[in-house]
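2 protein chains.
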Amino acid sequence: MVGAGQLARMTHQAAVALGQSLHVLANSLDEPAALVSPNTSLGSHTDLEALRAFGKSVDVLTFDHEHVPGEHLRTLVAEGIRVHPAPEALVHAQNKLLMRERLADLGVPPFTEVLSVDDAVKFGNEHGWPCVLKSISGGYDGRGVWMLDDPAAAETTVAELLEAGTPLMVEQKVSMRRELAVMVARSPFGQGGTWPVVETVQVNGICVEVLAPAPGLDPDRADAIQDLALRIADRIGLTGVMAVELFDTDDGVVINELATRPHNSGHWTIEGARTSQFEQHLRAVLDYPLGATDQLAPVVVMANVLGAPASPAMGPDERLHHLFARFRDAHVHNYGKQERPGRKIGHVTMLGTDLDDVRRRASLAAHWLSRGEWADGYDIHGG
Amino acid sequence: MVGAGQLARMTHQAAVALGQSLHVLANSLDEPAALVSPNTSLGSHTDLEALRAFGKSVDVLTFDHEHVPGEHLRTLVAEGIRVHPAPEALVHAQNKLLMRERLADLGVPPFTEVLSVDDAVKFGNEHGWPCVLKSISGGYDGRGVWMLDDPAAAETTVAELLEAGTPLMVEQKVSMRRELAVMVARSPFGQGGTWPVVETVQVNGICVEVLAPAPGLDPDRADAIQDLALRIADRIGLTGVMAVELFDTDDGVVINELATRPHNSGHWTIEGARTSQFEQHLRAVLDYPLGATDQLAPVVVMANVLGAPASPAMGPDERLHHLFARFRDAHVHNYGKQERPGRKIGHVTMLGTDLDDVRRRASLAAHWLSRGEWADGYDIHGG
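Listed in order, the protein sequences are those of chains A and B. Numbering follows full-length UniProt numbering, with no gaps: position 217 of the first sequence is 217. Numbering follows full-length UniProt numbering, with no gaps: position 43 of the second sequence is 43.
Check the hints yourself; a few may be wrong.
One copy or two, it doesn't matter: identical chains are merged, so the pair holds either way.
To be verified - The list that follows gives simulated cross-link-like pairs (lysine-lysine, DSBU-like), each with its CA atoms no further than 35 angstroms apart:
(1) K344 <-> K56
(2) K173 <-> K122
(3) K337 <-> K56
(4) K344 <-> K173
(5) K122 <-> K56
FYI, nobody ran anything at the bench for these hints, they're computed from the structure.
Please build the complete structure, drawing on both the sequences and the hints.
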């Protein structure tokens with residue numbers, strides 16, 4: 001796996017059960033997956049030589065992120081290295097414009113490429129203000145996205161970004177009720193499978209909570225969304241798992257982004273589904289038959305643990321002690337990362353039957369692990 | 001963790017979630033845990049220098065097996081190394097005679113030490129033939145146990161073993177209905193917790209199946225057994241997890257053996273319980289509060305995959321493919337070991353509601369992974 005972040009770390013855990021040991025290409029030995037896998041190669045994901053040497057040392061090459069240059073991957077494939085997902089599939093997660101062009105008939109918001117300030121202004125005047133300017137490649141967690149409120153904002157922002165060489169597109173701002181996501185897997189053989197559709201809750205462009213299944217989602221609509229994900233997987237020739245991020249609107253869902261790898265919106269599957277996204281990704285890239293994706297409790301909530309704005313008084317180990325004392329059934333995943341404000345350093349998953357209760361407990365747990373403060377004023381000394 | 005077998009391998013998987021990376025003391029780099037942990041030290045568990053160096057490099061020393069000499073552990077403790085379980089607890093898994101002396105009032109079969117042939121003959125004449133001769137230390141998976149059918153057998157066998165320097169004891173052969181086991185955890189703080197009581201099915205002294213919960217066990221009796229396990233844990237000062245193996249007889253249960261570590265009879269907890277024995281062991285030795293031990297399905301069956309008597313025609317990878325094609329919900333754990341006849345090379349866990357069905361599927365899956373043959377004649381080509 002190219003990249004040694006938390007996705008590679010959790011993929012290694014799944015690999016162990018299958019009798020494998022994940023090899024990772026890391027930038028440094030203190031990255032989350034490098035800390036737990038004995039098979040770490042050091043090198044950059046943008047360095048063709050490093051990719052080639054790593055690719056030759058493994059059975060199949062796969063990815064923790066979308067940032068490996070497509071031309072490098074095409075070179076490796078031409079040299080006989082097995083790459084899953086293939087560069088032709090991965091490009092749909094790398095290039096937001098290309099993805100929209102390829103999936104236009106499946107439901108994406110109106111969009112156009114922006115090669116000049118005029119392109120953006122004309123689009124805004126036609127489709128309404130504000131509209132959403134996006135970097136065609138490279139953005140994540142809210143980066144690479146700018147809201148254009150009016151033609152004046154468009155002129156300033158677009159001019160600056162084009163000047164800096166950023167490839168741009170603009171998209172209609174969708175009037176949405178909420179964000180949904182669905183994970184899908186597809187093997188080289190062509191077998192596909194999805195998990196239940198989830199709701200993702202974002203704050204400042206960063207996912208903070210995932211609710212599985214998406215509350216109140218009509219079953220027919222959920223089926224249609226799973227079918228959509230399978231069709232996208234088939235059309236782009238996906239191998240591995242992919243997140244399809246969607247906007248839920250009054251007129252149905254529209255596609256927001258694709259991520260052709262394990263994804264934050266699928267972390268709940270580790271304890272919440274019969275087969276986790278990490279095991280399924282391995283099964284797909286190794287061309288094993290896929291595993292069952294049944295949800296294991298009526299409600300599963302995953303809450304991200306984000307680095308606190310200010311360093312908590314209590315150390316991470318002590319916070320974990322108190323968390324376990326309060327919540328005996330919390331599933332904690334600590335990524336082994338240094339704490340920095342807003343950084344995803346872990347997550348907590350809770351299972352249960354009542355959405356409000358499970359969501360409250362997951363949120364309290366994640367807030368506590370982040371800050372060492374109970375959001376509901378609970379006193380750890382029992383006073 | 002001293003030892004790098006499958007128990008250390010699965011403990012490493014649990015450690016990753018807690019933000020840890022398990023350090024293992026291995027005899028060689030191809031042992032199951034050494035294959036998946038980046039923190040492997042090479043050295044023998046009987047070498048005091050290797051143990052000392054390893055112990056000084058970690059926060060807490062714990063064990064994959066019972067074979068570290070007690071005097072070495074006492075030395076390490078005297079030198080300030082934290083050891084969990086402490087040598088005073090571990091000795092109850094190392095010394096079968098001492099264990100029975102300490103737990104006599106809690107229910108063990110009649111027993112006595114054997115220092116001469118006469119000791120065994122006298123015991124057999126008093127308590128009935130056949131009786132069971134055991135090596136006081138070092139046995140596992142049926143090794144170190146001999147059935148003495150009559151005084152003549154006792155004379156031959158005991159004389160030979162005493163001659164070879166084997167410390168011996170003899171025990172009444174219990175007329176049992178089945179074997180039961182219960183896993184218990186205890187932290188240095190003194191918090192204790194157990195999982196449901198299970199039935200273990202042995203063939204030729206090797207555990208082949210674990211049924212959770214033990215079918216048809218009276219709830220009051222199950223409570224009493226869990227209480228017994230907690231009392232034993234408390235009495236011996238356990239830190240970590242422990243398996244209490246029991247004989248179920250018409251007159252109640254009697255204690256068979258203790259294992260003061262994660263144990264084969266607890267593998268079902270990985271997917272079958274809210275907290276697995278491996279995470280719980282880590283929580284206990286790190287003195288975290290213990291996790292919930294609720295069982296997650298009405299029936300959980302774990303079946304061991306044993307190396308086949310003859311090498312299967314189909315390779316392990318191809319066998320895994322076909323297994324996943326037939327059983328989408330099988331949880332497979334492959335230990336990364338070379339296949340040898342009778343060797344535990346992995347296990348399969350299945351969850352469900354109907355005992356006969358779940359047991360049949362787990363057994364078929366394990367038999368297939370072992371031999372590449374379906375015990376029910378299923379045709380992988382669909383013919």
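Evaluation of the provided hints:
no., hint, in the structure
1, K344 <-> K56, "both (32 angstroms within a copy, 32 angstroms between copies)"
2, K173 <-> K122, "within (15 angstroms within a copy, 91 angstroms between copies)"
3, K337 <-> K56, "both (29 angstroms within a copy, 24 angstroms between copies)"
4, K344 <-> K173, "within (27 angstroms within a copy, 58 angstroms between copies)"
5, K122 <-> K56, "neither (49 angstroms within a copy, 69 angstroms between copies)"
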